[in-house]
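Enquirer: Sequence:
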Amino acid sequence: MDSQTIRTALGKLQAEPGSNEAWESLQSSVKQGGGDLSSDELARLLDSAREKHAERGEWTAAAKLLEVAIAHAGGTPREAVLVREQAKLLSEQLFDEDGAAVAYLRLLELS
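So the sequence shown is numbered by my numbering: it starts at 19 and just counts up by one.
Note that these hints are calculated values from the structure, not bench results.
All residues carry an ideal CB built from backbone N, CA and C; glycine is no exception.
Don't take every hint at face value.
Said to hold, decoys possible - Calculated pairs, DSS-like style, for lysine-lysine (alpha carbon to alpha carbon, straight line, at most 30 angstroms): (1) Lys106 <-> Lys49; (2) Lys30 <-> Lys82; (3) Lys70 <-> Lys82; (4) Lys49 <-> Lys82; (5) Lys49 <-> Lys30; (6) Lys106 <-> Lys70; (7) Lys49 <-> Lys70; (8) Lys30 <-> Lys70; (9) Lys30 <-> Lys106; (10) Lys82 <-> Lys106.
Stated by the list, open to error - Quick list of simulated restraints, FRET-style, between CB atoms: (11) Gly52 <-> Val99: 20 to 28 angstroms; (12) Leu128 <-> Asp65: 26 to 34 angstroms; (13) Glu73 <-> Phe113: 32 to 40 angstroms; (14) Ala119 <-> Arg96: 15 to 23 angstroms; (15) Ser57 <-> Gln32: 27 to 35 angstroms; (16) Ser129 <-> Asp54: 33 to 41 angstroms; (17) Asp54 <-> Asp116: 26 to 34 angstroms.
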């Protein structure tokens, strides 16, 4: 994970939450692994970006960042925490009850 690429993508998303180019760059960089960015630092960056989007009511962007964070946290205790947040956000902010149900089922699988 190249820190510069990830920081650039997150910065662009703060200005343009609908930028497909920035989303693709972020997702591919996170999937690559390695690089100069630790897993903990990536988690902090994703959390911080998600909080900024949530403060501005950009719930779709916050949900997408949760998806990226969940994929990164797969197989760790943090995954369950993020899936719980995802379920709540989908239900309470995006009114996506089907998506929330899927997230809650995933949470049960992780328990």
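Enquirer: Tell me if the straight-line CA distance from Lys82 to Lys106 falls inside 30 angstroms.
Expert: holds (14 angstroms)
Enquirer: For the pair supplied as a hint, Lys30 and Lys82, is the alpha-carbon distance within the 30 angstroms limit?
Expert: holds (14 angstroms)
Enquirer: Are Lys30 and Lys70 close enough, with their CA atoms no more than 30 angstroms apart?
Expert: With a Cα-Cα distance of about 13 angstroms, the restraint between Lys30 and Lys70 holds, given a limit of 30 angstroms.
Enquirer: Going straight from one Cα to the other, do Lys49 and Lys30 come out at no more than 30 angstroms?
Expert: This hinted pair holds, its Cα atoms lying about 19 angstroms apart.
Enquirer: Would the hint linking Lys106 and Lys49 be met if the CA-CA limit is 30 angstroms?
Expert: holds (25 angstroms)
Enquirer: Regarding Gly52 and Val99, is the given constraint of 20 to 28 angstroms on their beta-carbon distance met?
Expert: Since Gly52 and Val99 have Cβ atoms about 25 angstroms apart, the given range 20 to 28 angstroms holds.
Enquirer: Are the Cα positions of Lys49 and Lys82 separated by 30 angstroms at most?
Expert: Distance ~15 angstroms between Lys49 and Lys82 Cα, so the pair holds.
Enquirer: Does the beta carbon distance between Glu73 and Phe113 stay inside 32 to 40 angstroms, or does it fall outside?
Expert: violated (20 angstroms)
Enquirer: Is the distance from the Cβ of Ser129 to the Cβ of Asp54 consistent with 33 to 41 angstroms?
Expert: holds (35 angstroms)
Enquirer: Are Lys30 and Lys106 close enough, with their CA atoms no more than 30 angstroms apart?
Expert: holds (26 angstroms)
Enquirer: Starting from the range 15 to 23 angstroms, see whether the pair Ala119 and Arg96 falls in it by beta-carbon distance.
Expert: holds (22 angstroms)
Enquirer: For the pair supplied as a hint, Lys106 and Lys70, is the alpha-carbon distance within the 30 angstroms limit?
Expert: Given that 30 angstroms is the threshold and the Cα spacing comes to 17 angstroms, the pair holds.
In this structure, the hints that do not hold are numbers 12, 13, 15 and 17, in rising order.
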